[in-house]
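**Student:** Counted from 1, the sequence shown has number 79 at position 79 by our numbering; the numbering is strictly sequential.
Warning: the hint list may mix true and false statements.
Stated by the list, open to error - Computed Cβ-Cβ distance ranges for the label pairs, DEER-style:
1) SER79 <-> PRO134: 41 to 49 Å
2) GLN131 <-> LEU174: 27 to 35 Å
3) ASP136 <-> GLN85: 36 to 44 Å
4) PRO36 <-> GLU5: 38 to 46 Å
5) TYR160 <-> PRO36: 35 to 43 Å
6) ASP38 <-> GLN6: 18 to 26 Å
7) VAL4 <-> PHE188: 38 to 46 Å
8) GLN131 <-> SER170: 29 to 37 Å
9) GLY88 <-> PHE188: 19 to 27 Å
10) GLN34 <-> ASP136: 23 to 31 Å
11) GLY117 <-> VAL35: 21 to 29 Å
Stated by the list, open to error - Below, in silico cross-link-like pairs of lysine-lysine (PhoX-like), each with a Cα-Cα straight-line distance of 20 Å or less:
12) LYS139 <-> LYS158
13) LYS130 <-> LYS115
14) LYS18 <-> LYS139
Hint data in this document are derived by calculation from the structure and do not stem from the laboratory.
From the three backbone atoms N, C-alpha and C, an ideal C-beta is built for every residue, glycine too.
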Amino acid sequence: MPSVEQVRATLPKAFHDKYEITFAIIDASEVFIQVPSDLHMQSSTWSSYKHNNTAKFLIACTPNGVICYISPLFVGSISDIELTQVSGFLEKLDGKKGISIMADRGFTIQEQLQKIGVALNIPPFLNDCKQLPPEDVQKGRHIASLRIHIERAIGRMKKYDILQGVFPLSMVRLANQIICVCAWLTNFQPVLIAPTPHLLEAQVEEYFQALDDTESETERNDTLNI
1 MPSVEQVRAT LPKAFHDKYE ITFAIIDASE VFIQVPSDLH MQSSTWSSYK
51 HNNTAKFLIA CTPNGVICYI SPLFVGSISD IELTQVSGFL EKLDGKKGIS
101 IMADRGFTIQ EQLQKIGVAL NIPPFLNDCK QLPPEDVQKG RHIASLRIHI
151 ERAIGRMKKY DILQGVFPLS MVRLANQIIC VCAWLTNFQP VLIAPTPHLL
201 EAQVEEYFQA LDDTESETER NDTLNI
């Protein structure tokens with residue numbers, strides 16, 4: 001997981017106005033698996049969304065589209081909320097108070113995030129209203145236009161042939177490693193959204209300043225040793 005400073009230093013311009021404290025965008029994704037012979041496993045791996053037997057995982061990317069978290073695989077029938085709770089992702093946010101997470105409507109995890117001082121941005125719900133107020137419609141569209149980057153990151157990852165077919169049961173035990181490798185290889189591609197130029201320049205300046213400080217400290221130590 002990157003640091004909060006690293007994420008803010010590469011924050012795309014589109015996030016600056018209303019979502020500048022966004023740390024990550026999360027979503028759930030699934031891969032098809034061979035139908036298990038065990039009836040209980042058939043039932044638990046059945047995905048009503050994909051209408052197939054699947055294994056499901058949580059994925060997170062930074063605002064500029066870099067994949068920063070992949071959870072272990074779980075059965076396809078698990079809900080998005082339960083997946084987030086058991087995936088280990090929330091534990092990765094400990095000590096990062098003051099940030100926010102962006103997600104789809106299915107991730108109603110406000111309470112869990114509030115406990116660790118993290119905010120949640122999801123599109124508004126209708127609730128008892130027949131129609132959303134104009135401001136909520138605009139908010140939903142804005143979030144959707146930013147949240148799309150996690151879907152683009154998933155699309156990149158799933159272009160690898162090994163993730164496009166059906167995992168045979170003999171390979172399921174390797175599926176966690178395969179998905180992680182595909183995700184990390186995806187990160188070697190150019191970022192989905194380039195950082196704001198002035199932020200990138202500031203980050204480069206800070207990097208070289210840190211090098212200068214390190215060299216100066218080394219020279220002082222060498223002088224003292226002499």
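**Student:** Each of the hints needs a verdict: does it hold here or not?
**Tutor:** Results for each hint:
In this structure, SER79 and PRO134 break the distance hint of 41 to 49 Å, their C-beta atoms being roughly 31 Å apart. For GLN131 paired with LEU174, a C-beta distance near 49 Å fails the hint of 27 to 35 Å. Taking the beta carbon of each, ASP136 and GLN85 are about 27 Å apart, not inside 36 to 44 Å as hinted. At roughly 45 Å, the beta carbons of PRO36 and GLU5 sit within the given window of 38 to 46 Å.
Look at TYR160 against PRO36: about 24 Å separates their beta carbons, and that is not inside 35 to 43 Å. Taking 18 to 26 Å as the suggested C-beta distance range, the pair ASP38 and GLN6 does not conform, at roughly 44 Å. Between VAL4 and PHE188 the beta carbon distance is about 24 Å. The supplied range of 38 to 46 Å is therefore violated. The hinted window of 29 to 37 Å between GLN131 and SER170 is violated, with their beta carbons roughly 52 Å apart.
In this structure the supplied range 19 to 27 Å holds for GLY88 paired with PHE188, their Cβ-Cβ distance being about 24 Å. Taking the beta carbon of each, GLN34 and ASP136 are about 43 Å apart, not inside 23 to 31 Å as hinted. Roughly 43 Å separates the CB atoms of GLY117 and VAL35, a value that falls outside the hinted 21 to 29 Å. The hinted pair formed by LYS139 and LYS158 fails the criterion: a straight-line CA distance of about 29 Å is larger than 20 Å.
Between the alpha carbons of LYS130 and LYS115 the distance comes to roughly 32 Å, so the proposed pair goes past 20 Å and is violated. Pair hint LYS18 plus LYS139 holds up; C-alpha atoms about 10 Å apart against a cutoff of 20 Å.
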